[in-house]
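Chemist: These are the residues of each chain, in order.
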Amino acid sequence: MTPEQRVAELGIILPDVPKPRWAYAPWVRSGDLVFVAGQIATEDGRVLHPGKLGREVDVEHGREAARGCAISALAVVRQAAGSLDHVARVVKLTVFVASAEGFGDQPAVANGASELLRDVFGDAGLGARSAVGVAELPLGACVEAEFVFEVRGRV
Amino acid sequence: MTPEQRVAELGIILPDVPKPRWAYAPWVRSGDLVFVAGQIATEDGRVLHPGKLGREVDVEHGREAARGCAISALAVVRQAAGSLDHVARVVKLTVFVASAEGFGDQPAVANGASELLRDVFGDAGLGARSAVGVAELPLGACVEAEFVFEVRGRV
Amino acid sequence: MTPEQRVAELGIILPDVPKPRWAYAPWVRSGDLVFVAGQIATEDGRVLHPGKLGREVDVEHGREAARGCAISALAVVRQAAGSLDHVARVVKLTVFVASAEGFGDQPAVANGASELLRDVFGDAGLGARSAVGVAELPLGACVEAEFVFEVRGRV
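Residue numbers (my numbering), protein chains in the order written: chain A, 1 to 155; chain B, 1001 to 1155; chain C, 2001 to 2155.
Honestly, the hints are just simulated from the structure, not real lab data. Careful: at least some of the hints might be erroneous.
[Stated by the list, open to error] Residues on chain A that point at chain B, a partial pick, calculated with CB under 7 Å: (1) W22; (2) A23; (3) W27; (4) V28; (5) A37; (6) G38; (7) T42; (8) E43; (9) F96; (10) A100; (11) V134; (12) A135; (13) P138; (14) G140; (15) E146.
Where a beta carbon is used, it is the ideal one built from N, C-alpha and C, also for glycine.
Based on the sequences and whatever the hints tell you, model everything.
Modeler: This is how it looks when you write it as structure tokens:
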């Protein structure tokens, strides 16, 4: 199965890529690399699971938010590459987890993004990853994640 | 107008690139990508607007600091590329905003950097961006930003 | 002397690269760039110097942890490139320092990583660097660092 087929089989509907409200781009391609801007997870136009891990947000909800970031990134890289089937691999993801004092399980949260990418791309979905705990995220989001993909062929 | 002409028209004097006091480089070029080290904004040798957003520093001052980071990055990439006119585009910027509890307007702060880059490079200045809220920054700075540029031709 | 010889002369034994417990890769190569996942320093299977700078952990211990991150990264990039002698240069490092309120000396901590890379690779070890202070890190680590290397030739 191709990545596009896997996304369909998983029942995932990729969202529209919103035009950034500010002076940046949702993605930039340079050579075969596509850099995707930091994504936060939203639902019906609202931030999904606002708050901090270790306080308002538990690990399971944090994982859902991280998965939502990865789904948004799929929509962006599909726009960049024309199709998810033109993605050669996930290169890098950085997962910023809003963390209350003493919360140290950022990797479990980040897995929500990593596992989605593996489910879609197989071994090519296993990127180099960092997961860190930050103080605050835009709009009170509990997770923000950025991604680098390698794509094949022309845009 | 070229980027160098736009910088001049904006009345921006690019600072000297200080030699790093520690064991790192202000920039590294690999292929067509120039990775610029994290920049903080200074004025007369002192950190501009120290403190945290949502506490000592308001959004307007945070934007000024972010703009200062971008101006420092222009100085660095000019050194790397020989001229800003050899910059093909801004690829990526990551804006770390020192954030007090409850501050969620990192994107408005980061706009200080993004808008300067757009003013200098036009659409080629729109990079993929992440903006996150961190606990503390070097020397008490309120913003630190790092940049990836794509450049043309030989150094 | 080559990097492999310098590592030996420094008496550094590179650790085994653990298989990630989660759905990510310790490194990904794309073109000549090797992206290394975020590293934390461990000793005998336990996190080295857990806690935050400016509270439980002093700068000297933070430097040791940062050095440990760089040593882990050397093990990873050796696996990616076959030998440290195939590393063309350090391109980028990002050092996340768990920081208590008011701690602003992230660069001194990050030097533990930077100086090790310089000792091993000479001027080619001077990467573009960011050092930021984050709220929390996985497993209570005081430092996490990620790295981009440029390598030569085939894997």
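Chemist: Taking the hints in turn, state whether each one holds.
Modeler: For each hint, the structure was consulted:
no. : hint : result
1   : W22  : holds (5 Å)
2   : A23  : holds (4 Å)
3   : W27  : holds (6 Å)
4   : V28  : holds (5 Å)
5   : A37  : holds (4 Å)
6   : G38  : holds (3 Å)
7   : T42  : violated (14 Å)
8   : E43  : violated (17 Å)
9   : F96  : holds (5 Å)
10  : A100 : violated (10 Å)
11  : V134 : holds (5 Å)
12  : A135 : holds (5 Å)
13  : P138 : holds (5 Å)
14  : G140 : holds (5 Å)
15  : E146 : holds (5 Å)
In summary, the structure is inconsistent with hints 7, 8 and 10 from the numbered list given earlier, while agreeing with the others.
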